[in-house]
Amino acid sequence: MTNPSSQILTIRSIPASETYTLRHAVLWPHKPLSYVQLPDDADGQHFGAFISATAADTTGSGGKHGGGEKTIGEARANDKDRDESSSSEPVSIISLFIAEGGDGEKQARFRKFATAASSQGKGIGSALLAHTIEAAARAGAKTIWCDARQSALPFYRRFGMDAAGEVFFKGDVPYLRMSKRLSD
Numbered sequence: 001m002t003n004p005s006s007q008i009l010t011i012r013s014i015p016a017s018e019t020y021t022l023r024h025a026v027l028w029p030h031k032p033l034s035y036v037q038l039p040d041d042a043d044g045q046h047f048g049a050f051i052s053a054t055a056a057d058t059t060g061s062g063g064k065h066g067g068g069e070k071t072i073g074e075a076r077a078n079d080k081d082r083d084e085s086s087s088s089e090p091v092s093i094i095s096l097f098i099a100e101g102g103d104g105e106k107q108a109r110f111r112k113f114a115t116a117a118s119s120q121g122k123g124i125g126s127a128l129l130a131h132t133i134e135a136a137a138r139a140g141a142k143t144i145w146c147d148a149r150q151s152a153l154p155f156y157r158r159f160g161m162d163a164a165g166e167v168f169f170k171g172d173v174p175y176l177r178m179s180k181r182l183s184d
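full-length UniProt numbering numbers the first residue of the sequence shown as 1 and each following residue consecutively.
Quick caveat, the hints were computed from the structure, so don't treat them as lab data.
The structure presented is a predicted model; accordingly, all values stated were derived computationally and were not measured.
From the three backbone atoms N, C-alpha and C, an ideal C-beta is built for every residue, glycine too.
Please note: incorrect hints may appear among the correct ones.
[Stated by the list, open to error] What follows is a set of in silico ranges between Cβ atoms, one per label pair, in the way DEER data are often shown:
hint	residue 1	residue 2	range
1	Pro174	Ala53	35 to 41 angstroms
2	Ala152	Ser13	20 to 26 angstroms
3	Gly123	Leu153	14 to 20 angstroms
4	Ser88	Asp184	38 to 44 angstroms
5	Phe169	Ala53	23 to 29 angstroms
6	Gly102	Tyr35	26 to 32 angstroms
7	Glu166	Ala117	14 to 20 angstroms
8	Ser17	Glu166	30 to 36 angstroms
9	Glu105	Ser151	27 to 33 angstroms
10	Ala53	Gly104	43 to 49 angstroms
[To be verified] Mimicking DSSO-like on lysine-lysine, the simulated pairs with C-alpha atoms at most 30 angstroms apart in a straight line are:
hint	residue 1	residue 2
11	Lys142	Lys31
12	Lys122	Lys170
13	Lys170	Lys142
14	Lys180	Lys142
15	Lys170	Lys180
16	Lys180	Lys122
17	Lys31	Lys122
18	Lys170	Lys106
19	Lys142	Lys106
20	Lys106	Lys180
Model the full structure from these sequences, guided by the hints.
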């Protein structure tokens, strides 16, 4: 059955510069834009979630997109090609950094994860984080971690992440380190 109001979520790689506007608006709107630009952005992988509307059948039985895209709540990863029907600005962004840890194992860290207020609570951020965790595992990372705002701990726990250490502050915002083992 065709639903003319279906929305399709596409996740793809983007340049760091395409993350700055949303990083700034969601995470640190009262700071200068330069505050959300990381010195190591050039070393990271950056992903954006884009929304497009389609009248296509998204059940996989045909339609304009042949069932390759997913309705909101699921995601189609498309790291190579830009879907021209997608919104021009991402509605959720995340940056992934892979490095060797002190124990010689590859570790992944994600940073500057932000979803536009109008897109929160719709599964978009969850789809983007799941995509990022999968990308980290494909890159050979054994662990993934982040510095999470204390208010977001329940969200990260749904992905099997555990808090470690003491609460610390960035400005006046409380954070905790969260991590998850990806493989042994």
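Of all the hints numbered above, which does this structure not satisfy? Sort the numbers upward. When the structure is compared with the hints, numbers 5, 7 and 11 turn out to be violated.
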